[in-house]
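Turn these sequences into a full structure, and let the hints steer you where they fit.
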Amino acid sequence: MTVRHQPMLIAESHQTPSEDSAVDLGNKIPSIRWKQWLNPKNVSAFYVFVVLFAIFSFWIPDLFLTKTTWRTLLDNQVVTALCAMALVIPLAAGVVNLAVGAQVGAASILVGWLLVKQGMNPGLAVVICSVFGCAIGFMTGLLLVYARIDSFIGTLGVSSLLAAFITAISGGHQILGMPTGFADLGTNQLFGVTYPVYFVLIVAVALWYLLERTPAGRRIYATGGNIEAARLSGVSTAKVIIGSLVLCGLITSFAGMLVTARLANADPTIGPGYLLPSFTGAFLGSTQLKEGRFNIFGTLLAVYVLATGVKGLQLAGAPVWFPDAFNGAALLIAVALAKLQNGQGRTMAIARAIPGFLLRRKGVASTAVLAGRQADGQEP
Amino acid sequence: MNNAELSGGSRLLKIESLSKTFPGVLALDNINLTLDAGEIVGLVGHNGSGKSTLVKVLAGIHRPDAGARIDLGGSIHFIHQDLGLVPMLNTVENLDLGRRKGSWAFAPTRRDERAEAERLISRFGASFDVSVPISKISPAECTIVALARATASWSDDRNILVLDEPTATLHGEEAERLRAVVRQLAANGTGIIYISHHLGEIVELADRAVVMRDGRVILDAARGEFDRERLVAAISGRISTEPAPARAIEPKRAVKLRVRALSAEGIDKLDLEVCSGEIVGLSGLIGSGMEHALGAIFGSRTCTSGLVEVSGRTVPRMSPKHAMKAGLAYLPGDRRRLGAVLAMSAGENLTLSSLSSICGKMGALDLVREWATVEHDMRTVSVRPPYPDQNFALFSGGNQQKILIAKWLRTKPSVLMFDEPTQGVDVGAQSGIYQLIRQAAADGAAVLIASTDEKELATICDRVVVISEGAVLTELVGDEVSESRIIRASRGHLARVANYPSKSQGQTQVEVRRI
Numbered sequence: 001m002t003v004r005h006q007p008m009l010i011a012e013s014h015q016t017p018s019e020d021s022a023v024d025l026g027n028k029i030p031s032i033r034w035k036q037w038l039n040p041k042n043v044s045a046f047y048v049f050v051v052l053f054a055i056f057s058f059w060i061p062d063l064f065l066t067k068t069t070w071r072t073l074l075d076n077q078v079v080t081a082l083c084a085m086a087l088v089i090p091l092a093a094g095v096v097n098l099a100v101g102a103q104v105g106a107a108s109i110l111v112g113w114l115l116v117k118q119g120m121n122p123g124l125a126v127v128i129c130s131v132f133g134c135a136i137g138f139m140t141g142l143l144l145v146y147a148r149i150d151s152f153i154g155t156l157g158v159s160s161l162l163a164a165f166i167t168a169i170s171g172g173h174q175i176l177g178m179p180t181g182f183a184d185l186g187t188n189q190l191f192g193v194t195y196p197v198y199f200v201l202i203v204a205v206a207l208w209y210l211l212e213r214t215p216a217g218r219r220i221y222a223t224g225g226n227i228e229a230a231r232l233s234g235v236s237t238a239k240v241i242i243g244s245l246v247l248c249g250l251i252t253s254f255a256g257m258l259v260t261a262r263l264a265n266a267d268p269t270i271g272p273g274y275l276l277p278s279f280t281g282a283f284l285g286s287t288q289l290k291e292g293r294f295n296i297f298g299t300l301l302a303v304y305v306l307a308t309g310v311k312g313l314q315l316a317g318a319p320v321w322f323p324d325a326f327n328g329a330a331l332l333i334a335v336a337l338a339k340l341q342n343g344q345g346r347t348m349a350i351a352r353a354i355p356g357f358l359l360r361r362k363g364v365a366s367t368a369v370l371a372g373r374q375a376d377g378q379e380p
Numbered sequence: 001m002n003n004a005e006l007s008g009g010s011r012l013l014k015i016e017s018l019s020k021t022f023p024g025v026l027a028l029d030n031i032n033l034t035l036d037a038g039e040i041v042g043l044v045g046h047n048g049s050g051k052s053t054l055v056k057v058l059a060g061i062h063r064p065d066a067g068a069r070i071d072l073g074g075s076i077h078f079i080h081q082d083l084g085l086v087p088m089l090n091t092v093e094n095l096d097l098g099r100r101k102g103s104w105a106f107a108p109t110r111r112d113e114r115a116e117a118e119r120l121i122s123r124f125g126a127s128f129d130v131s132v133p134i135s136k137i138s139p140a141e142c143t144i145v146a147l148a149r150a151t152a153s154w155s156d157d158r159n160i161l162v163l164d165e166p167t168a169t170l171h172g173e174e175a176e177r178l179r180a181v182v183r184q185l186a187a188n189g190t191g192i193i194y195i196s197h198h199l200g201e202i203v204e205l206a207d208r209a210v211v212m213r214d215g216r217v218i219l220d221a222a223r224g225e226f227d228r229e230r231l232v233a234a235i236s237g238r239i240s241t242e243p244a245p246a247r248a249i250e251p252k253r254a255v256k257l258r259v260r261a262l263s264a265e266g267i268d269k270l271d272l273e274v275c276s277g278e279i280v281g282l283s284g285l286i287g288s289g290m291e292h293a294l295g296a297i298f299g300s301r302t303c304t305s306g307l308v309e310v311s312g313r314t315v316p317r318m319s320p321k322h323a324m325k326a327g328l329a330y331l332p333g334d335r336r337r338l339g340a341v342l343a344m345s346a347g348e349n350l351t352l353s354s355l356s357s358i359c360g361k362m363g364a365l366d367l368v369r370e371w372a373t374v375e376h377d378m379r380t381v382s383v384r385p386p387y388p389d390q391n392f393a394l395f396s397g398g399n400q401q402k403i404l405i406a407k408w409l410r411t412k413p414s415v416l417m418f419d420e421p422t423q424g425v426d427v428g429a430q431s432g433i434y435q436l437i438r439q440a441a442a443d444g445a446a447v448l449i450a451s452t453d454e455k456e457l458a459t460i461c462d463r464v465v466v467i468s469e470g471a472v473l474t475e476l477v478g479d480e481v482s483e484s485r486i487i488r489a490s491r492g493h494l495a496r497v498a499n500y501p502s503k504s505q506g507q508t509q510v511e512v513r514r515i
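Order-wise, the sequence lines are chains A and B. Final position of the first sequence in the numbering used here is 380; the numbers increase by one with none missing. Final position of the second sequence in the numbering used here is 515; the numbers increase by one with none missing.
Wrong hints could be hidden among the right ones.
What the hints assert, rightly or not - DEER-style ranges, computed between Cβ atoms: (1) B:T304 to A:L156: 34 to 44 angstroms; (2) B:R253 to A:V205: 34 to 44 angstroms; (3) A:T68 to B:H376: 53 to 63 angstroms; (4) B:S135 to A:L276: 31 to 41 angstroms; (5) A:A238 to B:R313: 17 to 27 angstroms.
Claimed, not checked - Quick partial rundown of chain A residues pointing at chain B, CB under 7 angstroms, derived from the structure: (6) R213; (7) T214; (8) G225; (9) N226; (10) E228; (11) A229; (12) S233; (13) G234; (14) S236.
It is worth saying that the hints were derived from the structure and are not from the lab. We put the beta carbon where it would ideally sit given N, CA and C, even for glycine.
Okay, structure coming up:
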């Protein structure tokens with residue numbers, strides 16, 4: 001075991017990158033990108049969609065392959081999609097917002113109350129409602145940042161306060177009789193598709209741009225990734241957290257107003273139902289496209305793939321409890337997948353899954369010893 | 001698995017032709033290694049040389065490739081770098097983890113537990129309050145708790161102890177205490193595998209030094225057959241450049257950083273001045289405030305009084321954002337926890353502090369420009385491979401640190417501050433980092449380095465400020481800046497400091513309990 005002394009200076013070798021690392025990356029990037037994009041690991045939801053589509057197309061072609069089915073599918077998921085995308089922003093900033101459902105409900109009731117009970121101009125009502133949503137997000141943000149309440153508990157508390165607010169102004173009753181001008185917003189069509197579908201697209205593009213293409217988005221992801229490191233890099237993490245909740249509040253209140261417009265009445269029980277599907281969408285979305293990162297288009301994809309599955313099964317005659325079961329199971333699988341995708345989880349899981357005796361049979365004389373006592377050591 | 005030779009003789013561990021292949025990588029290549037009772041084997045090598053993989057194979061986390069033979073002649077215990085203690089629980093509770101005491105239904109009384117815990121740590125010459133949470137005791141004491149826990153369950157004298165960088169977070173004096181404990185354990189017949197980046201420690205402590213490189217054992221030399229230079233040569237595969245060509249700096253350049261009577265947690269009216277082009281070191285024992293100083297200057301720790309001036313202008317508010325705007329840059333020692341966002345790519349980390357510089361029209365990020373500049377920067381600081389979109393966590397320690405240096409150089413700082421700049425960085429990358437630091441200073445930045453590695457300070461600094469009890473104790477300039485002088489300066493006053501547990505040094509003793 002001798003050491004060859006090579007008269008080379010460390011400093012020298014560090015100054016000039018070696019030839020092999022100097023490959024021209026510029027030419028490589030596009031092809032790598034495309035392959036990555038189509039990798040089933042990257043867009044598994046897309047492949048799931050293809051499979052679902054194929055199954056239902058053969059199973060119930062007369063019900064599944066109709067224009068109406070697809071039109072209603074797109075339209076029905078509008079609020080869920082908006083909520084899930086709204087949720088992506090605080091989640092990306094490391095804040096779990098459990099109040100999204102209540103925020104939708106509160107905005108829905110508030111806009112109905114303003115329009116019907118106060119007879120307000122729809123334009124003004126929409127503005128007030130949006131401000132209300134922002135204010136809720138702002139207050140939540142202040143609580144989390146300055147009172148240092150854990151986001152889980154803090155937003156749970158806020159959601160309870162909002163539930164009280166809903167009951168207080170509605171008295172627990174539906175508010176009926178929206179002005180037609182307002183209801184049209186939720187039901188009118190353009191090129192055979194309802195307005196809200198276009199709203200979703202606009203919001204999606206805007207949020208994608210914010211998260212992926214602006215410094216603010218980078219700061220949001222940095223805060224969610226490591227809040228201390230972000231702070232030491234000069235990011236105002238308090239502003240990021242509050243801002244993300246304000247934006248989330250704005251979009252959820254917009255979603256709430258759409259609910260009221262689509263139903264032409266305001267229902268005090270509507271909000272909480274959107275909580276679980278939003279989380280399912282956001283978490284499943286985080287396993288898509290951006291390897292473990294919460295992202296807008298992954299979320300949109302996830303929401304619609306799940307909806308396709310539910311819709312197909314409903315058409316095929318699944319019982320009424322089925323959508324809840326499907327969403328619950330999907331959420332659990334989504335979170336598990338997201339965990340696996342982060343860090344070494346995946347490799348460790350695979351290592352554990354391979355039984356030890358399979359490897360030992362190959363003649364490996366290994367001693368699997370974990371920290372602590374080892375029984376073999378004491379044998380004579 | 002246990003042959004007669006092992007159970008009878010003094011050999012505790014024998015590894016023959018151990019290889020480990022990961023997809024596409026040969027992590028361990030035909031390793032042969034033995035360990036006798038009472039022997040201390042120092043294991044050194046670059047990050048990524050295969051040390052960790054070897055330990056993980058021994059711990060049973062990885063399975064070796066077919067054909068390997070590992071014979072154990074005793075039980076094997078691991079103390080990992082992070083020690084595996086629960087910070088919220090106290091010493092008593094941490095010691096009880098993984099052990100069962102009392103009858104099946106009743107836990108032992110608290111008093112018995114306390115007494116037992118105190119007895120266990122006293123075997124390592126330590127006496128501290130065992131009822132305070134682990135998060136409140138010093139790093140050295142944490143290490144002792146981890147050692148006490150590992151040795152408490154030993155039922156005979158055939159034991160192997162694997163220590164993974166036990167002194168990484170310890171200061172000189174505390175590290176010396178730990179080494180005394182290790183020697184005692186060895187004297188009682190424990191075979192010890194001691195992994196460390198501190199070569200001086202290996203030279204001093206190890207009966208045998210094993211150097212790994214590229215998954216192979218490059219050097220396996222008994223005591224007396226190796227010295228520091230030999231180890232460095234074996235680790236890096238080449239001869240290292242000897243430190244600092246003495247740099248002549250003109251005296252009295254512009255003062256870039258002036259700290260006046262700064263007080264914060266652990267800091268008491270600290271005064272400092274650093275000139276343009278100057279590299280100033282901060283030395284001191286853990287607990288002296290040296291480790292908090294830079295965080296306080298940068299505003300990441302709450303300051304109670306005092307002010308910081310950069311290039312003559314006072315930083316308006318003590319917060320990282322304002323410090324950054326004023327021209328300060330700070331690289332914390334704990335990269336994974338404070339320095340970087342591990343979930344983001346190298347490029348995203350690199351531009352995080354200077355996002356406005358890569359903004360195009362309408363305030364949007366210009367991703368093409370970002371990619372180009374990031375790649376350029378990564379090449380400039382010689383990060384390999386220079387892939388901006390590779391996940392930050394996938395780079396080695398040295399490369400991570402270089403990326404972070406590049407990140408802060410992008411902000412064109414007037415003052416560059418480092419906590420432990422080469423912690424967890426291999427020997428080869430170290431000199432690269434030193435060169436980057438020197439270059440930054442040569443370009444006119446004032447550099448401030450807080451380090452517990454005196455050799456590092458002696459290598460790179462023009463001036464070393466020794467901190468004690470949160471304030472400046474003394475200053476070493478010019479020829480005085482040498483490893484031994486710094487060590488003497490930072491420890492010399494110990495006798496005067498009240499309550500320092502120096503008395504325990506004489507008592508350090510270990511008896512391995514036999515049941």
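| said: A closest beta-carbon separation below 7 angstroms is what the hint needs, so does G225 of chain A meet it against chain B? | reply: holds (4 angstroms)
| message | Restraint: E228 of chain A near chain B, CB-CB cut 7 angstroms. Satisfied or not? | response | Hint holds; E228 of chain A Cβ to chain B Cβ min 5 angstroms, cut 7 angstroms.
| field | Satisfaction of the S233 of chain A interface hint, Cβ to chain B closer than 7 angstroms | value | holds (5 angstroms)
| Proposed interface contact between N226 of chain A and chain B, which counts if any beta carbon pair is under 7 angstroms | With a minimum Cβ separation of about 4 angstroms from chain B (threshold 7 angstroms), the hint on N226 of chain A holds.
| query | Once the shortest beta carbon distance from S236 of chain A to chain B is found, is it less than 7 angstroms? | reply | At 6 angstroms from the nearest chain B Cβ, S236 of chain A passes the 7 angstroms test, so the hint holds.
| field | A238 of chain A paired with R313 of chain B, Cβ distance criterion 17 to 27 angstroms | value | holds (25 angstroms)
| T304 of chain B versus L156 of chain A beta-carbon gap, inside 34 to 44 angstroms or not | Once the Cβ atoms are compared, 36 angstroms apart, the range 34 to 44 angstroms for L156 of chain A and T304 of chain B holds.
| Within 34 to 44 angstroms or not, the Cβ separation of R253 of chain B and V205 of chain A? | violated (53 angstroms)
| said: Just to be careful: measuring from the Cβ of R213 of chain A to every Cβ in chain B, is the smallest value less than 7 angstroms? | reply: Check passed: Cβ of R213 of chain A comes within 5 angstroms of chain B, closer than 7 angstroms.
| field | Beta-carbon spacing of S135 of chain B to L276 of chain A - inside the hinted bounds 31 to 41 angstroms or not | value | Distance hint for S135 of chain B, L276 of chain A holds at roughly 36 angstroms.
| request: Using Cβ atoms only, decide whether A229 of chain A comes closer than 7 angstroms to chain B, and label the hint accordingly. | output: holds (5 angstroms)
| message | Is the interface hint satisfied for T214 of chain A? The criterion is a beta-carbon contact with chain B at less than 7 angstroms. | response | Where the cut-off is 7 angstroms and the nearest Cβ of chain B is about 6 angstroms from T214 of chain A, the hint holds.
Violated hint: 2 only; the structure is consistent with all others.
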